[in-house]
Amino acid sequence: MAAHSLQFRLFTFAIACMSMLSQNNVDAQTPNIVVIMADDLGWNSVGWHNSDVSTPNLDQLCRDGIELDNFYVSPMCSPTRAGFMTGRYPIRFGLARAVIPPWRDYGLPTTETTIANVLADAGYERRGIFGKWHLGHARKRWLPNNRGFTEFVGCYNGAIDYFTHEREGELDWHHNEMPVQQNGYATTLIGQAASQFIADSATQDVPFFCYIPFNAPHSPFQASDADLKRYPTIKDRKKRTYYAMISVMDDEVGRILQTIDDNGIRDDTVVWFFSDNGGVGGIRDSNRPLRGSKLTAYEGGVRAAACVRYPKQFPGGRKLTEQTMFIDVLPTVMNLAGADPQSLPFELDGVNLTALLSGDEDRLPPRDLFFYHGQQGESAEPIAVISGNWKLVVNGPRITGSITDSHRVELFHISTDPNETQNVAANHPEKVTELFEKMHEFRSLQPTESIPPYKFGNQDFRAPPKWKIERD
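For what it's worth, our numbering labels the leading residue of the sequence shown as 135, then goes sequentially.
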């Protein structure tokens, strides 16, 4: 079946959901939008899944709001951020294969409309981002202030040092496009800057958008001695540090939520939290009981801890088990902001969840969910598709022969086997063939020009001084 068929199905599904779930918010007060994204936070690394890790503020947010129990993301960082920004599968514009490393002259294509652009058109005059950008840094046109944001504090790259704020030996900490030297733990600085932005915005007579992509708990694994003391019984140094980093992030989530409350805007503010991918494999039990980790297409790599709170419209204290995705955030926010999805230059792959979250609908129309990356090149390209209760996973190089002859094919009935322990591919060859065809169609959406594998082009790379970007 041609790629056009899949594009048509995705388009018609999105339009149908937009139509079905659309609500006219033009006459209502549009909400403030706060999106908090963790970095490499495992499924089993929040308090509501694991009492060993202390995240009281996130736990309270989850209790007060709606737990999104089946919220899916990309297997890795930049693609999730790109899909969140655009409401589209990042494979469409070549940003699904790998993250953007420091040496890569590549960014989120300027032909794509970001959530900040959308909200600017909807009247959101203040649009801040505080934390990790990771969507292009080599040219000014890819930087946050040129992608719809009015204020930026944070780092262009991933994996900066938490104390020196350096990557590749150069300072990567910026206020808008200027390098700045700030003392302090990066996660704390992010929370402080975001809270100040929210407090300042609350005095204005217009809604605001605040995107907070924390760098925690991504490597390097670094925490202060004081924070390590929060977990005295954990002997594994890396796991102890990882938990401490999560708790510092939770402190800052608490600061942000308190700022919202102190300024009397709780009822009028959407707060959406999720991780960009699963936890890394080097941290024992970070995704337990889910199988796999970051950089895999198993549930441990793509099913994220997530919740959303909007007291004015979304009844709290609920757990939703419907399959939702990172690409659904933008169309949902567009609806709440009164923006017109027909004004976008491209069709959306994500769907508007407003009626589901408001309790007006119990179910979403059926759809397929896709996951893919090729971080290490064509020799290892994990890809998966979820279709209803079924999930097909294929690892390793692309399969060119018969799908049913490959030992690398795994089929799971995830409604009864969410931990992916029983491969039933041999028992359901017709389902395997059906899902593999969908998988093939999805991968064919990738344009000829797309981001290269991770290590390509890193020979003799030297970071620009203080990551000051001069090229347009």
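Hints in this document: simulated from the structure, not taken from any laboratory. Think of the CB as a built atom: it goes at the ideal place given N, C-alpha and C, for glycine as much as any other residue. Don't take each hint at face value.
As the list claims (entries may be wrong) - Here are the simulated distance ranges between beta carbons:
1) Pro423 <-> Gly398: 39 to 45 Å
2) Glu571 <-> Asp419: 55 to 61 Å
3) Gly450 <-> Arg422: 26 to 32 Å
4) His309 <-> Lys372: 29 to 35 Å
As the list claims (entries may be wrong) - Subject to a maximum C-alpha distance of 30 Å in a straight line, what follows is the list of computed BS3-like cross-link-like pairs (lysine-lysine):
5) Lys600 <-> Lys589
6) Lys372 <-> Lys565
7) Lys373 <-> Lys589
8) Lys373 <-> Lys453
9) Lys589 <-> Lys602
10) Lys589 <-> Lys274
11) Lys572 <-> Lys274
12) Lys602 <-> Lys274
13) Lys373 <-> Lys363
Checklist entry - Which earlier hints turn out false for this structure, listed by number in ascending order? => result The structure conflicts with hints 2, 6, 11, although it agrees with all the remaining ones.
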